[in-house]
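Engineer: Residues in the sequence shown are numbered consecutively from 1, following UniProt numbering.
It cannot be assumed that every hint is accurate.
Stated by the list, open to error - What follows is a set of in silico ranges between Cβ atoms, one per label pair, in the way DEER data are often shown:
| no. | residue 1 | residue 2 | range |
| --- | --- | --- | --- |
| 1 | Asn187 | Gln45 | 39 to 45 Å |
| 2 | Thr70 | Ser149 | 26 to 32 Å |
| 3 | Arg65 | Thr29 | 27 to 33 Å |
| 4 | Ala20 | Leu160 | 18 to 24 Å |
| 5 | Tyr81 | Leu4 | 25 to 31 Å |
| 6 | Val40 | Gln194 | 39 to 45 Å |
| 7 | Glu125 | Ser68 | 22 to 28 Å |
| 8 | Ile127 | Glu73 | 18 to 24 Å |
| 9 | Lys18 | Asp192 | 31 to 37 Å |
| 10 | Glu73 | His172 | 36 to 42 Å |
| 11 | Leu4 | Lys122 | 37 to 43 Å |
| 12 | Leu49 | Leu4 | 36 to 42 Å |
| 13 | Leu4 | Lys100 | 27 to 33 Å |
| 14 | Val40 | Glu151 | 21 to 27 Å |
Claimed, not checked - Using 20 Å as the maximum straight-line C-alpha spacing, the simulated PhoX-like pairs for lysine-lysine come out as follows:
| no. | residue 1 | residue 2 |
| --- | --- | --- |
| 15 | Lys72 | Lys54 |
| 16 | Lys51 | Lys72 |
| 17 | Lys72 | Lys41 |
| 18 | Lys96 | Lys122 |
| 19 | Lys51 | Lys6 |
| 20 | Lys55 | Lys18 |
| 21 | Lys18 | Lys51 |
| 22 | Lys99 | Lys122 |
| 23 | Lys51 | Lys41 |
| 24 | Lys54 | Lys91 |
| 25 | Lys122 | Lys141 |
| 26 | Lys91 | Lys55 |
| 27 | Lys6 | Lys41 |
| 28 | Lys6 | Lys100 |
| 29 | Lys91 | Lys122 |
| 30 | Lys6 | Lys99 |
| 31 | Lys72 | Lys96 |
| 32 | Lys55 | Lys6 |
| 33 | Lys55 | Lys72 |
FYI, nobody ran anything at the bench for these hints, they're computed from the structure. The beta-carbon is built from N, C-alpha and C at its ideal position, and this holds for glycine as well.
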Amino acid sequence: MSLLYKIGSNPIIAAVRKPADIEAALDSTVENLFFMGCNVKEIIQAVRLTKECKKGAFVHLDLIRGLSSTDKESVDFISDYVGADGIVTPKGHLIKEAKKAGLYGILHLFVIDSSALQNGLKVAENIQPDAIELMPGTICKIIRTFAESLEDIPIVASGLIQTKAEAGESLHAGATALSVSAPALWNCSFDDLQ
Numbered sequence: 001m002s003l004l005y006k007i008g009s010n011p012i013i014a015a016v017r018k019p020a021d022i023e024a025a026l027d028s029t030v031e032n033l034f035f036m037g038c039n040v041k042e043i044i045q046a047v048r049l050t051k052e053c054k055k056g057a058f059v060h061l062d063l064i065r066g067l068s069s070t071d072k073e074s075v076d077f078i079s080d081y082v083g084a085d086g087i088v089t090p091k092g093h094l095i096k097e098a099k100k101a102g103l104y105g106i107l108h109l110f111v112i113d114s115s116a117l118q119n120g121l122k123v124a125e126n127i128q129p130d131a132i133e134l135m136p137g138t139i140c141k142i143i144r145t146f147a148e149s150l151e152d153i154p155i156v157a158s159g160l161i162q163t164k165a166e167a168g169e170s171l172h173a174g175a176t177a178l179s180v181s182a183p184a185l186w187n188c189s190f191d192d193l194q
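Turn these sequences into a full structure, and let the hints guide you.
Structural biologist: Laid out in structure tokens, this is it:
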């Protein structure tokens, strides 16, 4: 299944930074969770609970304590022992490893200037991730550039999205979905963000 179909039916993805937020995310209407914190033991439990609720689980490799953010073995561990649907990482070689392991690979890009914009576009074109997570998620010009340049790759806007208005602006700029840590937005639908 294309990742677009997995994340495209609900505009909000819960960005879970600590174990205390998992229950609220699972009780919300979000269909997918990005785990952006926890340790190895906690992530195994968190993904198990997420899958029991029939929600998608994506692990941000660079933010899980106890996992190497550079080794292919971390991708294998996520696939074989954690059971997540995919990974989020800024490292292109791990996106390729994720695809080999049967996981979705979401390329995390922090676009702070025009050089980062051009490099990010080039990397995305070369590795063809399943989706791109753009930070900060409130810069509509950057979202629009990626959405127009890479039409077949879903764009997840992430970071600094704190209001319905900001969420709506990012969606209108071309984001497929939004990864947000604000629980107040976790139950928003596309209609709520128009």
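Engineer: For the pair supplied as a hint, Lys91 and Lys55, confirm whether the alpha-carbon distance does not exceed 20 Å.
Structural biologist: 25 Å, violated
Engineer: Are the Cα positions of Lys72 and Lys41 separated by 20 Å at most?
Structural biologist: 19 Å, holds
Engineer: Quick one, are Lys96 and Lys122 close enough, alpha carbons at most 20 Å?
Structural biologist: At roughly 15 Å apart (the allowed maximum being 20 Å), Lys122 and Lys96 satisfy the hint.
Engineer: Tell me if the straight-line CA distance from Lys18 to Lys51 falls inside 20 Å.
Structural biologist: Roughly 18 Å between the alpha carbons, so the hint for Lys18 and Lys51 holds.
Engineer: Return holds or violated for the Cβ distance of Lys18 and Asp192 against the range 31 to 37 Å.
Structural biologist: 25 Å, violated
Engineer: With respect to the beta-carbon atoms only, verify the hint that Asn187 and Gln45 lie 39 to 45 Å apart.
Structural biologist: Violated: the Cβ-Cβ distance is about 24 Å, outside 39 to 45 Å.
Engineer: Within a Cα-Cα threshold of 20 Å, do Lys6 and Lys99 meet the stated pairing?
Structural biologist: Satisfied, since the Cα-Cα distance of roughly 16 Å is no more than 20 Å.
Engineer: Keeping to a limit of 20 Å between CA atoms, is the pair of Lys55 and Lys72 held or broken?
Structural biologist: Given pair Lys55, Lys72 is violated - Cα atoms ~25 Å apart, limit 20 Å.
Engineer: Could you grab the alpha-carbon distance between Lys54 and Lys91 and see if it respects the 20 Å cut-off?
Structural biologist: 28 Å, violated
Engineer: Tell me if the straight-line CA distance from Lys91 to Lys122 falls inside 20 Å.
Structural biologist: The given pair, whose Cα atoms are some 13 Å apart, holds under the 20 Å limit.
Engineer: Taken at face value, is the distance from the CA of Lys18 to the CA of Lys55 at most 20 Å?
Structural biologist: Roughly 18 Å separates the two Cα atoms, so the pair holds.
Engineer: Would you mind confirming whether the straight-line C-alpha gap from Lys72 to Lys96 stays at or under 20 Å?
Structural biologist: 9 Å, holds
Hints 1, 9, 11, 12, 13, 14, 15, 16, 24, 26, 27 and 33 from the list above are not met by this structure, while the remaining hints are.
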